[in-house]
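J.: Residue numbers (our numbering), protein chains in the order written: chain A, 1 to 517; chain B, 1 to 409.
No lab work stands behind these hints, which were simulated from the structure alone.
No false leads were mixed into what you were given.
Covered by chain B, according to a simulated footprint, are these stretches of chain A (three or more residues, beta-carbon under 8 Å): (1) 148–161; (2) 165–176; (3) 197–208; (4) 235–241; (5) 249–256; (6) 259–267; (7) 273–282.
Among the chain B residues that face chain A by a calculated CB cut under 8 Å, a handful are: (8) 34; (9) 45; (10) 49; (11) 50; (12) 52; (13) 69; (14) 77; (15) 79; (16) 148; (17) 240; (18) 241; (19) 242; (20) 244; (21) 270; (22) 357.
Listed below are the simulated DMTMM-like cross-link pairs for lysine to aspartate or glutamate, each with C-alpha atoms no more than 25 Å apart in a straight line: (23) 367(B) to 346(B); (24) 342(B) to 131(A); (25) 244(B) to 357(A); (26) 27(B) to 155(A).
The beta carbon of each residue, even a glycine, is placed where N, CA and C say it ideally should be.
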Amino acid sequence: MKPGASPAELAAGAVAAVRAGRPLLVRDFTEWRAVARELLGARVAPASVTWGAPGEDLFSGAPASIAAAHNGGDLLSAATQADEQEPINGTTPRPHIPRSLMEMLQTAACYRDHDRWAFLYRVIWRWQQGEHDVQSPADADGQRLNSMVKAVRREVHDMHAYIRFRERPIEAGAPHFVAWFEPAHDVLPQVAEHFVARMGKVSWMIATPDASVLWDGATLHQTGPLMSSAADLIDAGEALWLTYYRSIFNPARLNTQVMNSHIPSRFWKNLPEGALVPSLVSQAGLGARRIGQVEAVGRRSGRTIPIEAEQAQPERQQPSKLDECRRCDLWEHATQAVGGEGPKSAKIMIVGEQPGDQEDLAGQPFVGPAGKLLDRVFEQAGVDRKGVYITNAVKHFKWEPRGKRRLHKTPAQKEIEACHYWLEKEIATRKPKVIVAMGATALKSVLQTGSVTLKDKLGHPVRHGDSWVVTIYHPSYVLRVPDESAKHEAFSVMVKGLKLAQELLDRLDVPEPPSAS
Amino acid sequence: MELNDKLEILADAAKYDASCASSGAPKRGSEGKDGLGATTGMGICHSYTPDGRCVSLLKILLTNFCIYDCQYCINRRTSNVPRARFAVDEVVKLTQDFYLRNYIDGLFLSSGIIQSADYTMEQLVAVARQLREVHQFRGYIHLKTIPDADPLLIQEAGRWADRLSVNIELPTHDSVTRLAPEKSVHTIKLAMGSIRRKLDEKAEEPKAPNFAPAGQSTQMIVGADASDDHTILNTAETLYGSYKLKRVYYSAFSPIPQSPGSVPLAPPPLLREHRLYQADFLLRGYGFTAGELMPQTGNLALDVDPKLAWALANREHFPMDLNRVDASLIPRIPGIGLRNAKRLVELRRLRRIRWEDLSRLRCSLKKLAPFVVTADYKPAQGATSSDLLRKHMADAPQQMNLWPELQAA
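Okay, chain B solo, but in the shape it has when bound (with noise of 0.2 Å):
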C-alpha cells in the first residue's frame, strides 16, 4: 500500500482523539547541532480544521488493527474498515518530513492492538526510540500507552516521549466492563500509578534519565454512555488528584458507520463537551472542586457557563468589592479571567479600582455587573433574583433544526 494511502487510513482513523497538545515540554533547540527540532514549553498550533481543532502534532495511529472490540471505537475487531499499517521507518520519515516544513510540532502516536499488549508497545517505543536515537529530533512526542505493557515498556517509552497517556475510557467501571470488555479500569489505573510514580521519583531525583518531562494525560469518552457530567467530572477530579495528570480531554462521541446497538445514534451536543473544559479549567486553574461546581447528580448547564451557573447558585458570596476582597476570590467572579484578576491586584495596588478599568480590560460587563462592587459602582442589592439574571445572561436560544443533514454549514 502506498503511503498516502496509509496516511489516508491512519489519520482518519486517528481522528477521534481529542488531545493534540505540544505543550509543557523543556526547552531544547537543535541551533548548531545535528538533528532536528525545538521545544519552547509552549506548543504551537500549525492549523485549523472546519471542526475547529488544532493540528499541532502528527496524530496518527501505527495501525487501525485491532484485537480489541471496544464499542465506542471505530477500529474494534468487529468493525468493517479498511485496515492499514505503518512500518516503524515509516513514521519516522513522515514525521521528519512534516516538521521541515513547519506543519507540525511533532508526534502523537497511537494504536490499535496487534498480538500483545507488550509486542504493540514495543513498536510504539520503537518509533520514539528511532527518533531521538537515530535522527536527533528535538520535537514534541506523545505516546500513548497500552494499559496492559509491561511496566518497563512504559519507562523506556517515558524516556523518549514528552509526555504519556493511557486513555481511561469512560467515567465509570461498569461503562468501561461494558462496552471496552477488553479493557479494565484496574489495569488502567495501576498504569497510570506507575506513570506517577516514575514521575515522583524522577522529581526526587533530577539526575535521573528524562521521563516524560510534559507529565501524563488521559482521554474520556462523553456521551457514549449513560453517565451525566456530575460523574465525569468527580472522575476526572480522582484522576488528577491521584495520578497528577496535566490534563483530562473529554472527547464528545462521535458515531460511527454501522456502530453497535450498545452506544447511542446520536452524539451527545458539543456544547456538553465545550461545558466540561470549562469546569476542568475551573478545577485545574481557578481552585474549584468538583462539588461545588456539581453539588448534585445531572448535567451542567448548557445555557450559561459553569462559573456563572456557579454564582448564580452561590448569591451570598457577591457582589465583591474588588478593592478589598481576598485576591484569591476574584478569579471566582464571573467575567473576570485568571490573568484579568491578576492586573487587578496590581493596579489596586497603585489605585482604587473603578467600573471603567473593567471596561478597559475587557471583562465581561454584562456578565460581572451583578457580582462586583467597585470604587464608583455598587449593584443595587438584591434587586434581581438568580433566575431573572439568567434569564438575561443566557446564551441566545437557537432555532430547533428540523433538517440537519439537509443544511449545508
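With the rest of the complex left out, here is chain A (with noise of 0.2 Å):
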C-alpha cells in the first residue's frame, strides 16, 4: 500500500489486499476505523487478516515511530480531516458499534503493541457477531482491552501529572517553556489539549523521544522530534519549587511505598524532584523524623509570639445562655440553639415542635419550608406574623443522618422536659393572653401532661395559668399530608385556629395588669 494514501483509499483496497494475502498497514486509529469497517461489511473473519504498521515493516528501513511514518506531517488536522471527510458508502452496511466500544477502541489503539489493529478487529468483530461481553472485563479479550485503556488513560493521566516545563530566558524567543517526557504509548496528542487549556497564550513545547508539539500561543503544531533529551535549562522557578518540595515533606510521617505506588521509577528520573528523594528518606530516617521537622527550618532562631492570652481571645460574639444549654444531648449534633423570636409587647405567642435543618443553620425559628406554610396561614388568617411571638418547644434540632442529608426526629418525652425550663422562662417573661400550641410536642410542653392527645384539643381553647391554649396542627404535618384534600383541610384547620386565637384576645381585651411592663 502506497503511502500518503487517504483513509478511504485504504479501505477501498483491503478486501483485495486480503484476499491477495498482503498485510493491511494502518498507522492510526483512523485508517483503522476505515480499514475495519470495510472488512466487518465483506465478513471477512479477523483469523484471515494480517495487520502490520509501519514500523514494524521489515522491508522499509524507516524508524519505528509513527511521527517518522508521517513524514513530519501534522498529525492532528490529517485525523481531524480524515474524521470529517469519511466518506458514506451505501453498499457495504455500517456496523452498529456503540459509541462507549468506539471510544475505548479509540483509547486502547494508543497501546504501544506490535498486534494492537489485528487485536482490535477480533473485538469488534466478536462484537458485530453478537458476543457483547466482549466489552466486559470478565470476558478474556474484554480483559486485554479494558487494561490496555486502562494503561493508555493512566498514561495521558501520569502525563498531564508529571510533565516539567522549564522556563527558556525571554531573549530566546517563543517557546518559552520548554518540557521532554517518554511516553509509554501514543498519548501525546491528547495530553496536547490538556496544555492548550491550561496555559493560555504562553509559549511551549513538549519534547517526546517520537515526536513533538508546539504551542505557539493561537496554534498547536505536531512535529517529528526536535530534542533527544531534556533541556538544559537553568531555571530560577526549579530552585523554588525544590525547596518547596523539601518542606512541605513531613519526615514524621515517612511513608516511601505509598511514594513509590503512586509515581512509578521510570518517571523520577525526568522529574527535577526527584534527585532530592533519596536524601529526604535517609534524612527522615536519621531523627528528623523523630523531631518532626526538616534540618532547614528547625536550625533557625525561633520566635514566641508576645502577647497576652485575653488578648489573643477574638472579640466574638458569645453564645447565650441558650447556647450553652446541656440539659439534654441534643446540643451536640445541633448547630446552634434557636430561641425564640418576636416583640416583646406581644400578646399571642406560637409554639412549634423543634428547629428544623434551614432553622438550625440560621439561628431563627420558621424560616425553612414549614416557615413558609406559617406565613400563608397567618395571611389567610389576617394576622400579622411580626406582631406575635414565635418559639419552640425545643430549642436544638433532632435529627438522623439519612444519606447526607438530616432527616427530622420526634424529641423524645425527656428532651422536652428538659427544654420546658426554657420555655416557661419565655411565657414567664412574655405573659401572652393567648399561647397557639403546633402540634402534639407543643401541647405536651405547653400544658405540662404527657398523656393530652392533639385531636382533644383541637378546635377547643383551654385555660392554663393566665393564658388561654388553642391548638392547631404543626405545618411540617400540613406539608406531609399526602392526599391534597386533607391538605387543605388541614391547612384550613389552622387558619381557623389562628383567627381564633385573635378573636380571643379581642374578646378578652381586660387592661394589663399595672405589674406588667
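Starting from two chains that each stand alone, build the complex the way the hints lay out.
T.: Structure, rendered in C-alpha cells:
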C-alpha cells in the first residue's frame, strides 16, 4: 500500500489486499477504523487478516515511530480531516458499534503493542457476531481491552501530572516553556490539548523521543522529534520548587511505599524533585523523623509571639445562655440553639415543635419550608406575623442521618421536659394572653402533661394559667399529608385556629394589669 | 527575608495540613484567553513526597505568626519557631510560576491568625481576588476560612475560591476547649453553617455570583486527644449531614518539637488514620452509617479494613448471591468495590455471574470467598467462624521495632 493514501483509499483496497494475502498497513486509529469497517462489511474473519504497522515493516528502513511514518506531517489535522471526510458507502452495511465501545477502541489504539490492530479487529468482529460481553473485563479479550484502555488513560494522566516545563530566557524567544517526556504509549496528541487549555497564550513545547508538539500561543503544531533529552536550562522557578518539595514533606510520616506506588520509577529521572528523594528519605530515617521537622527550618532561630491570652481571644459574639444549654444531649449534633423571635409586647405566642435543618443553620425559628407555610396561614387568618412571638418547645434540632441529609426526628419526652425550662421562662417574661400550640409536642410541653392528645384539643381552647391555649396542627404535618384534600383541610384548620386566637384576644379586651411592663 | 527562605518556613508550617485535593471545581480553560489555568473537575496529583502524600496544590501559610495558642499546632504563639510572612504579591507570583511549570493545579492558602480574624481573612481573600481579577487565574483555589471572620468576608472568599474549609480541629467540644483555648466549636459550626447556606442559595439560584463551587471541607486532628474512632466517625457523620461537606480530612497528630505537656509525645499509628479514611469513604460512597461501622465505643480494628470488619460482625447478611441480591448491597461485600459492583450489575444483565468473572475483575478473591454465591460457587455455609476467618484474612502482624530511631527507612 502506498504511503500517503487517504483512509478511504486504504479502506477501498483492504478487502482485495486481504484476499491477495498482503498485510494491511495502518498508521492510526482513523485509518484502522476505515479499513475495519470495510472488512466487517465484507465479513472478513479476523483469522484471515494480517495487520502490519509501518514501524514493523521489515522492508522499510524507517525508524519505528508513528511520527516518522508521517514524514513530519500534521498528525492532528490529518486525523480530524479524515474524520470529517469519511465517505458513507451505501453498499456496505454500517456496523452498529456503541459509542462507549468505539471510545474504548480509540483509546486502546494508543497502546503500543505489536498486534494492536489485529486485536482491535478481533474485538469489533466478536461484537458484530453478537458477543457483547467482549466489552466486559470479565471476558478474556474484554479484560485485555480494558487493561489497554486503563494503561493508556493512566499514561495520559501521568503525562498531565509529571511533565515539567522549564522556562527559557525571554531573549531566546518562543517557546518560553519546554518540557521533555518519555511516554510509554502514543498519547501525545491528547495530552497536548490539556496543556492548550491550561497555558492560555503562553508559548510552550513538549518533546518526546518520537514526536513533538508546539503551542505558539494560538495554534498547535505537531512535528517529529526535535530533542533527544531534557533541555538543560537553569530555571529559578525550579530552585523554588525544590525548596517547596523539601519543606512540604513531613519526615514524621515517612511512607515511601505509598510514594513509590504512585510514581513509577521510570518517571523519577525526569522529575527535578526526583534527585531529592534519597536524601530526604535517609534524613528522615536519621532523626528528622523523630522531631518531625526538617533541619533547614529547625536550625533557624525561633520566635514566640509575646501576647496576652486575653488579647488573643477575638471579640466574638459570646454564645447566649441558651446556647450553653446542656440539659439534654441534643446540643451536641446541632449547630446552635434557636430561641424565640418576636416583639416584647406580643400577646400571642406561637409554639412549634423544634427547629429544623434551615432553622438550625439560620438560628431563627420557622425560616424553612414549614415557616413559609406558616406565613401563608398568617396571611389567610389576617394576623400579622411580626406582631406575634414565635418559638419552639425544644430549642435544638434533633435529627438522624439519612445519607447526606438530616432527617427530622421527633424529640423524646425527656428532651421536651428538659427544654421546658426555657419555654417556661419565655412564657413567664412575655406573659402572652393566648398561646397557640402547633402539634402534639408543643401541646404537651405547654400543658405539661404527656397524656394529652392533639385530637382532643383541636378547636377547643383551654385555660392554662393566665393564658388561653389554642391547639392547631404543626405546619410540617400539613406539608407531609399526601392527600391533596386532606392537606387543604389541615391548612384551613390552622387558619381557623389562628383566627380563633385573635378573636379570643379581642374578646378578652381587659386592661393590662399594672404590674406588667 | 529572601523569597526562598520564606517559602521554606511557610511550606514547612503548612505540612501538617492533610487536605490537598484539587477536585470538584467546574470545568474552566484558558485557550485563546489572557491569563492562565484550567480545571477539569478531576484533580491531578503532580508529585508525591516520601511521606506518601500527594502534591496537587501549592500549600502554604500566608504567615506563621499566630496569636492563638492551640496546643497541637507548631505555630502556636508560645512555640519557638522561625516566623515569616508572605506579601500578597509574593503568593500570587509564586502560584503562577509554579503553575506554568506544571508543578501544581492551584493554591491552598491558610494562615496563622494575626491582628484579628477579620484582618487575616482580608489578606487571604486579597490573594485570591488578585489571582482571579488581576491575573485571570483559572486554576484551583482553596482558602482556609477563619471561623471568627465577618460573614461578609467569608462570602467574598467563596466568590474567588473553588473550595472553602473551616477546621473543626478536634472531635469533641471539650477537646477544643482544652487544646485550642481561643477557638470555639460554636463559632466553627456557625461558620460552616453560613457557608452551607450560601451554597444552598447558590444551588437554588444558578445565576447568582459564584460561591465555592467545589464546596467545603474540614479537618480533624486524630490522636492529639483521647477521642476514640467511634466519637470521630460520629462527629464526621454529624458534619457531613449538617454542612454538606465534600470531605472530612483526618490528620494523624504529628509530635512537634518542644511540644507542650497537654498533647501526647508519640503519634498515633498512621494505620489508624488510614482506617478512618477507609471508614469515611464507606460513609460517603457506600451508604454505611457510623452506627453500623462502629456500633460500640472504641477504635476501628487495625488488622482488617472496616468493611471486612463489618461483614465479619454481620454474617447473617452473607453469603450474598451475586446473581440475585439487590444491586445496592453488592458494594457491601468485602473485596468488591463500587466500580466492580457496577460492572457486576451490568454483566448479570447479560448472563449469569461465575467465579471466574470475579477473578478477571481482579476482585480480592481471598476476601470475598466466604461472602458470595455465584452460579458455580457456594461457600460452605457457616463452616467457618468469624474469628477464624478474621485470623485468616487479617494483615500479617509485624514484629515490633525496638529501636525505631535507629532504623533508616
